[in-house]
Amino acid sequence: MLRFLTRRVIGAAVILVIISGVTFFLFFVIPADPARLACGKVCPPETLAQARHNLGLDHPVAVQFVSWLGGIFVGRDYPGLGNCPAPCLGYSFVNRAPVFETIIDRLPVTIALTIGASVIFLTFGVATGIIAALRQGKALDKIASISSLVGASMQIYFVGTLAMYFFVYQAHIFPQPKYIPITEDPVGWFNGLLLPWIVLAIIFTANYTRMTRSTMVENLSEDYVRTARAKGMSGRSVVMRFALRGTLTPIITIFGVDLGQLIGGAIITETTFGLQGIGRLSVRAVDYSDLPTLMATVLVAAGAIVGMNIVVDALYAVIDPRVRLS
Amino acid sequence: MNHRKRSALAVVAAASLALVGACAPGNAGAPSSAPASAGASSAPAAEAYKPPTITLGTAEDSKGPAIPPEGVVKGGTVTMIDRDDFAHFDPAQIYVNTDANFGLLISRGLTGYKRVAKGDYKLVGDLATDAGTVSDGGKTWTFTLKDGVKWQDGSPITSADVKWSVERMFAPFVTFGPNYIQTWLTSENYKKDYPGPYGGKELDNIETPDAKSIVFKFNSPHADANYAFAMAGYNIVPKAKDTKEKYDKEPVSSGPYIIKSHVVDKSLELARNPNWDAATDPIRGAYPDVWKMEFGQEATQVTDRLVADSGPDQTAFTFYSNTPAERLQQVLGDASLADRRMISPSPYGNYYYFNLDRVKDQKIRQAINYAWPAKQIQQALGGPQAVALPTTILNENTTVGYKPYDLFGKLAKPEGDIEKAKQLLAESSNPHPTIVYAYNNLPTQEPVTLVIKNALEKAGIKVVAKSLDRKTYYDSISQTKNEFDLYWGGWGADWPSGSTVMPIIFGPVSDGGQNMSHLNDPTVKAEMKKIEENPDIDAANAAWMNLDKQIQETITPMVVAENRIGTFLHGSKVGGAEIDPQQWIVSPNTIFVKQ
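Just so you know, the protein sequences line up as chains P and F, in that order. If you read the first sequence in our numbering, its first letter stands for residue 59, the second for the next number, and so on. If you read the second sequence in our numbering, its first letter stands for residue 191, the second for the next number, and so on.
To be clear, the hints were calculated from the coordinates, so they are not data collected in a lab. Using N, Cα and C, we set each Cβ at its ideal position, and we do this for glycine too. Treat the hints loosely; a few may be bogus.
[Claimed, not checked] Calculated pairs, EDC-like style, for lysine to aspartate or glutamate (alpha carbon to alpha carbon, straight line, at most 16 Å):
1) F:Lys661 / P:Asp345
2) F:Lys456 / F:Asp432
3) F:Lys550 / F:Glu673
4) F:Lys661 / P:Asp91
5) F:Lys456 / P:Asp135
6) F:Lys648 / F:Glu609
7) F:Lys450 / F:Glu484
8) F:Lys553 / F:Glu743
9) F:Lys763 / F:Asp529
10) F:Lys439 / P:Asp316
11) F:Lys612 / F:Glu647
12) P:Lys236 / F:Glu484
13) F:Lys648 / F:Glu605
14) F:Lys553 / F:Glu609
15) P:Lys236 / F:Glu488
16) F:Lys456 / P:Glu159
17) F:Lys436 / P:Asp135
[What the hints assert, rightly or not] Now the stretches of chain F that chain P is said to cover, found in silico as 3 or more residues with beta-carbon under 8 Å:
18) 445-455
19) 494-501
Just chain F, same shape as in the assembly (with noise of 0.2 Å):
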């Protein structure tokens, strides 16, 4: 997911509402070691963040209904509070989090994940009998729907619709969703390649031998497709019900709920789908028989109505409001609160980025790297309970196979380590360089930018900040002829591996592309491929990881960059409340009413 979209939801008084824009998961999460509360003298004792788990289930797992979390109770209704409504409801525009956990309470997909434990998830079949067969080397997916699942109206849904679905989101008014399984089903230019359905062409390698079963033929191998089948983007939309552009506004359940009434940003209430079937859901427990979401109220309201809790209140919680900065310390510290606490690092990959066009030399990289000051940093961000010092470029949170390494020794020497940043200079090109740094015009930014300057300037560098606009400081930041040597920019995984990271920000060099460090090393560009043609996934996984060591190794594009750790509440009778720590926002799937 593109921080980029996050900013453009945030904006102005949401720094510090966690309004995270994203697609699925990102990276740099918080090292293992990191604390994931550590409050005031009356809070808990803090424990160490445990990232979740994240394993392939079979058919069995994929059978429904939903494992219920402890002392579930069905009925009620529950309210949720939060500032912004959602963009989108048709699949096919959703790629951020707030929309796409929205959507599991009224649509659903092939695949999906099946909460099993806190933290032990399972990739499952959602409206599909398990996760999907591969097979001809990773190229081909075959899928086959239960028995029994059907739209709001109560037909049936069948590989007609999800055939559709896919094809639909070729359709230029298909904007905002992902692109990955179009990109893989025809090319890069899948635009080009295939207008939509609509004028009556259909896609040859997306097969429907029959009601039930589906097959897709890609390109090339893709051994994480079930994953990209996860993705709310890729839910399914009725053919005979498609209203094309309208549908964002109309949208057919075939979730545990339909919408009762939606008043843009203001409010939305959800009530019974009476045709969807728990018995055929492994992943969504819908136990409340009532959702009503209220929109308009900022973080710190929210946070005040949550540890008040009174009356209605009480059966209230956020999807993703965080406690701001200047709750945090009363949230923390407030023992009552406990048991309503929420406590998770951000799946997403924060780093500040070399521009590899203008600071050429590794040495003065590396140097940057020893010097940053992340514990300064982290600091002037609200402490260790609100932030956690990542080290690897890939997020614990959101990539199987995970393995740490601090390759700077910023767990060592989190204040940073001057006479070393001073040794790699002067065995540079340039004992004292000066480096121009680009920051985005936020509150929060000035006090950061302060802490780089002077950290940096101990080590003998001269930093020139430069403050960017927030509205066009993502533009002026991805232009590749900027002018600027380091810069903050933000990337999460769009299933729990390196391969929704790495192509990404070290993909094509484009103005307005991600690769912010404009690095294009053919070596880098080769194992890439290499590692996304790799039909063991577990492999893949694994070369990941070491990809990831290896280019801070070997080119050093960027300062791993502080990651925040989101607290949130929920009322006292609100039970089953989790944060998806893919997605860093409470999942409606185990949210029930204590009685």
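Extracted from the complex, chain P is given alone in its bound form (with noise of 0.2 Å):
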């Protein structure tokens, strides 16, 4: 296991590195300054070439990668600025400060809603889904399957702007959706995500049902799950035990990814309740043209998703003894 982890770690900074490259580069096929941008409506050339000083942006786009790659171990000098300490992310001169300390400050906004939202599409779209495979035909089957069809049509925008139109603005049932910290209220913390967290949920919840079930259909005409039952195990412990064992496997796989997915920016949820995550962040870094911000909002993404599919795979040989890590 350990020897499995050390090389999908190794291989997953590899990719991050390759991610961030090809970010870097392709940022500056932008035509857009970003000296211009750290540099106001009174901009002599010899100001604007400070500016491109300041941001390392006289070198090599190359050289330039390396000192960004370089600061992320050792930190970096910014003229006039100070020290960014490492990890250094780069300095937004739009944000006016370390990037690292902004990703530190947005995170916790974007985990929270995540995983809040995570608790409840998983525990609904798999109760649901196993609900309906063991019900298939029948009414509960159908209302779930309808109700799935419906989540997975409709778009967070939408859903979003209704719930806080009705629940926030008019009924006054949800207050406005808002981060605080949960070690400073907990209560104000839940509060303020749950309206989110049951939209982001409703979206996700219909991809888990439906799979769930249909792989659950699958497993219960297993051969295995078929001599359980000729063994005489109850009906209970064939569905937890095997056919549900069997099943969690491409749930994880989905989870995995959308868990990576949504850490690295839920930019529509977080737009449309007006939370100050990665996702906002990211967008904000595009608009801007602020490519230290970008970069790191790009990593963070690069790194959710690479690091959630290294524990799903090592997931994998936890739940299902076929799967074999060497």
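Using the hints, build the complex out of the two chains.
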């Protein structure tokens, strides 16, 4: 297991460097001058040159990339602004702050949003899928199937906007969504995120219901399930110990991808509910041609997906003994 | 102010977000006949918009405290919600109106605008005892600091601080603020003339005879220098606490509040500055005890929250989130919102510039002006409640001595006079010209472009529309050798006079410059120089207005574009909320929390 994990982590690091490099080089294809943003209305050529120097833009792109990469491990000095300690993901001239500070500030919002929604959609999605599979062809199955189809067809910006209008502005059932650190006010944290969690879960639950149902139906007709039943095991044991276990493998696969994507930034959800997470930060970075922040958000998104893939691969072995790590 | 900056700030989702990047006031205002509000049937009857009156105050006017708005209550916590955080806190780096407006809460300058009544403002002494004394034919300006003005640590504000604050604006790291005073003290190449005070060198033409007096000796007359000093960019910084670049993040307050906490792009909280004395301040009411600011809310969210007016949002308002088009009918049509609506046309100048290097025949330029489908553009952008149709280059909101004119019959025929256009084209060098129209690739500009194309083609003008990427739009159109005939650009006045508009938009022709029509007329240049050096400010203001009409009459370098009308909301427990007509942003000076 250790060898496996070591190998995967090294592979992940290489992937992240490649993604960072591609993003970095692609950024310079965009017809926008980051130095111009760091230099205001009165920007004579010498000041612009100074801004370019301060940003390190007067070096070849490859050298800039190496400097950026090196900053992550040993920090960097920014003339006139001081030292950016490791892990230095760059200095944002838009936010006037080291990017790492901003990421650390925004990440808890996105993680809280992701975890809360995941608990809801995983629980409801899998439970509904199991019930639908066990009641195959009956009313409950049909209701679950139709509901999941409707849910899967919905868009967050639509459901979220409606939910805000009716439940926050009209009925006042939910407070204005906002992020309060759980350490400051656990109840406020829960209340502030409950509506975004539910809306996000409505969209995602559908996929899990459908996936669980179809896989469960398939597993229930497998030989090993039939054998277990033939040996006299109770229906509950058959479902929970055999059929469900087999069902979990694809569920965990898509859950890993979803979790990675959500941590990378639930852009639309965060925008709809005005939450200041990684998703909104990345949109703003694109808007303002804020390369250091953009790089960091890409890195977080890529790291989340790559990291979750490693976790998923490791979990395969725990759930399904047929999987051999080596 | 530069709409390039506005664009850089607003980008993407903000087409409807009145994120004005501007310095102070701009031009291109709504004519007084423009409806300020013409909403649905349940909306209040449309009132004719009345531009502000801006006059010069006396020493008596410069005494504190500020004139309180009706029903004012002191205390409480007010919340401001908007999309973006403030870009700068260092006064020297402040040019855009959002930063300047926030600056009112934490910093002060020599002069500023005092609200006497709604729509009635006076330029008064802020830290100075009056709005300054001019001598030497407009070349020398003297200010005296008031007694009892202090920094947040209780130390006195001195003339040395004022001198230092102006000198540091020459430093290489200062790149965002205004440059008027620096240029007047030295030259156009002011950064080369003087490197700033950090090396120990001082500017000899700023004198501080004592701790209270400061004298500026300019190279040429500038009768409106006291207006220039009212720009937030010329607010002051303590010499003893100047941390150069870092000051932008750790400002020292001279205003009524200090920054208690700030999470970049997320939240900001202000608490009272115990060393600010209301008796010295004729401008800032500073009624709430605490200011909370919340960023990251799109204009739609801000509007929805303020319409709902629930719980804590009852004490909330927005500095600049203009009601977006999709909510405008709802907001204007809801009679219950009447007391919480604020409506004002933009003070900025919006123009469709002709590239005079390419469209050389004035008859063709005049024909386009006559054929211009102003009314159709107005409809495409949300109707008369969202857009006004100005007819002058200078904006009535920001021009003392404003005098309206309507050269091309826009008020009589806002839909365009195609016959008159055809007649002019027939007399021109090319009765069927082709015009290359470049536009910014924003969702709002597609329908506008279609409207323009249809109207001009009716007059016999072929329009080739070129969509430009929003990130490179301004770079493309501000190239002197561009390949376009017509394109939109904007500018806003920095104080209520043509002196910060005309010499900019008809100034030097250069790549990246603001003279987008490439007008390079010796008569106009000479007239502008003459007006700039006129020591009689009233005569100068009148002369700018005359030049405005003269340029359109004799050269016609542009079509004056439509002007946005902003509709802002505030919560039911917020009192004294008003849009500053010069800045097009809700002023913090009169805000209070109803108990």
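How the hints compare with the structure:
no., hint, result
1, F:Lys661 / P:Asp345, "holds (9 Å)"
2, F:Lys456 / F:Asp432, "violated (26 Å)"
3, F:Lys550 / F:Glu673, "holds (14 Å)"
4, F:Lys661 / P:Asp91, "holds (10 Å)"
5, F:Lys456 / P:Asp135, "violated (26 Å)"
6, F:Lys648 / F:Glu609, "holds (9 Å)"
7, F:Lys450 / F:Glu484, "holds (14 Å)"
8, F:Lys553 / F:Glu743, "holds (11 Å)"
9, F:Lys763 / F:Asp529, "holds (11 Å)"
10, F:Lys439 / P:Asp316, "violated (38 Å)"
11, F:Lys612 / F:Glu647, "holds (11 Å)"
12, P:Lys236 / F:Glu484, "holds (10 Å)"
13, F:Lys648 / F:Glu605, "holds (12 Å)"
14, F:Lys553 / F:Glu609, "holds (14 Å)"
15, P:Lys236 / F:Glu488, "holds (14 Å)"
16, F:Lys456 / P:Glu159, "holds (13 Å)"
17, F:Lys436 / P:Asp135, "holds (15 Å)"
18, 445-455, "holds (count 3)"
19, 494-501, "holds (count 6)"
In summary, the numbered hints that this structure violates are 2, 5, 10.
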